[in-house]
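Fit chain B with the ligands to the supplied structure of chain A, relying on the hints for placement.
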Amino acid sequence: MTETEPRTPPQAAPGTGGVSPAAGAATLSGHLKGYLRRLASGDLGRLPIVVGLLLIGVIFTSLNNAFISPVNFTNLIVQMSPLVVIAAGVVFVLLIAEVDLSVGYVSGVAAVVVARLLTENGWPVVTAVALVVLTGLSIGWLQGVLVAKVGLPSLVVTLAGLVGWNGLVLVLIAGRGTVTISSPFVVGITNAYLSATVAYGVMAAFVAVYAVVQLQRRAARTRADLPVVPMTVIVTRTAGVAALGFGAVFYASLGRGFPLIGVVLLVVIAAFTFVLERTSFGRHVLAIGGNREAARRAGINVDRIRIICFMISATMASLGGLVFASRLRSVDTNAGGGQIELNAIAAVVIGGTSLFGGHGKISSALFGALVIQGVDNGMGLLGLSSGAKFLVTGFVLLVAVLVDSVARRGRTRSGLA
Amino acid sequence: MAVAADPPILALRGVSKRFGAVRALTRVDLDLQAGEVVALVGDNGAGKSTLIKSVAGIHPFDEGEVRFDGEPVRITHPKDAADLGIEVVYQDLALADNLDVVQNMYLGRERHKALGVLDEESMERSARETMTALAVTTLGSVRQVVAGLSGGQRQSVAVAKAVMWNSRVVILDEPTAALGVAQTHQVLQLVRRLGDRGLAVLLVSHNLHDVFEVADRIAVLRLGQKVADLRADATSQQEVVEAITAGELADAAGTEVDAS
Ligand SMILES: Nc1ncnc2c1ncn2[C@@H]1O[C@H](COP(=O)(O)OP(=O)(O)OP(=O)(O)O)[C@@H](O)[C@H]1O
Ligand SMILES: [Mg+2]
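Residue numbers (the numbering used here), protein chains in the order written: chain A, 1 to 417; chain B, 1 to 260.
Just chain A, same shape as in the assembly (with noise of 0.2 Å):
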């Protein structure tokens, strides 16, 4: 530390508490102790978001049992995956406090461009997809400057960009009607299903990615003497996701089996999960959204990072399009409409993520996702009108908010801000 022997001050005896490794649960009824402790402080959790995703379960079941078949099952997850894409971009825009309202349209722009390079240009898939990621990039680097470097408030960057790029997706569609999408990979994207057999197994291989990752951690606190998570939370957790998991594929196997793009989605999602919460730069994006002055006094380079914010965010919602597009077929004038941009804003806030920067994980995307588009989905299958679905979609943000900011005024009050 310094050049001289720290003294040890007669402060630091053994015995007088403060940092001692005992400090943490290191049994399970202490574990549930703190979970406990964690709920009633505010700390919710996933515990909102899987109080909804049940009660929707039981309610669109018990109007219309369709809702829970195999088939739709898969449907959802079909349905939800470009919603689930591009909010995952969407999560690092929100965790750094600001919003990307231009996700939508820029979806739009991407699956216009890829549809009209592979139909009418005859590019190779390679290269048309890594247009896509590169149109992305450009447009997520030009808002992030305008936002980061030049000072404008990413609302309104963002909503110019959503009023642009629509524009830009008119422009390119202009006398063209429709632009149907043949190629097989891109068709595949949304459209392959996986044998039971291989779904089992990448299932399999996920379970023992999560339970590795567990235990490996445990095993390097151990070695360096820190407090550890008891092995049965360890074992539970690992059990309640390999249920969960298996039983996805079991069910879908009973329709069309488990699709393609769920695999993508796990593994986007445990990408950036990774991305956050393991790297030095997931590090210094929340500390950005927590507090910005005291990044930037640690010495990180805070434009920087808000610019690849607001990058992930249009490349995400580029690859969404893509996706958009794949389950499409094709793509005309409305390209990037229905309220994209909101609806994603709005699964990630649904999903756990505060709008106020700094709180939030990536799997809130997916959870989020699943809400809305499970909610559209068994509106759908009622019978009910667009109306009726935007009514209902806006009453569930609505409470999300609700609970997301009766649990900040719990984390105030508890200190956990």
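Derived pair list, reagent style DSS-like, types lysine-lysine, alpha-carbon separation capped at 30 Å:
1. B:Lys53 x B:Lys79
2. A:Lys149 x B:Lys53
3. B:Lys79 x A:Lys149
4. B:Lys79 x B:Lys113
Hints in this document: simulated from the structure, not taken from any laboratory.
Relative to chain A, chain B with the ligands alone:
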């Protein structure tokens, strides 16, 4: 530990800083020795925060020389200061509320394992060790989120953060301004321990009682000029108060400017 003959770690020679028409600092000299706690006092607007921010590289001095270990250095960016081993604990704590203690202590200087993965274990381990070495005993767990800490605990985290790096100079801007009696005492003890460990410490404070509790030397700023530099055991609160309010200004120009 401070021997008068030691060359100062940090020496300011005739440094000045203006903000437009405001002369925030005029030709200030200041030495910081290893193992010595120097208090910087002065009325509101005297230029204390300005001096600290310039040393920290937030806004460089306009004129004058900064020497580190006797060598002239230029500090124009916070990174320059950090590279020299100068750490600053700001008046408005630079901690991110949503991160825990370990995450805050290593913010911007995280340790990594292979493939850029954060080395949480080693960071947590060292954070604990630093807390123990500094005898910060009031903190329950280093994995607590900072928002949940008391003012004194937060200040302790901010101070501990500053000494984790091979720092040689630690500068604190009013570390006890918002604290109660017990917590003030706790933080002042921590400041004293930094000096005892051989660091050069510069403490900005309005509270002369605090200053006399920990400082070896007291430098007084008035209207951007240093008007007194006194050994704490050879002066009195009254003498310091006089210097703060009516210390003789060498450069009369300093009074032309409304420094409010
Ligand atoms: N960024 C700035 N721009 C313009 N003027 C400034 C700036 N920072 C400080 N000043 C001016 O410089 C002078 C010194 O201010 P400084 O903040 O250093 O005082 P201080 O001694 O820290 O006061 P306090 O005890 O109130 O914290 C004041 O007149 C102040 O208005
Ligand atoms: Mg000040």
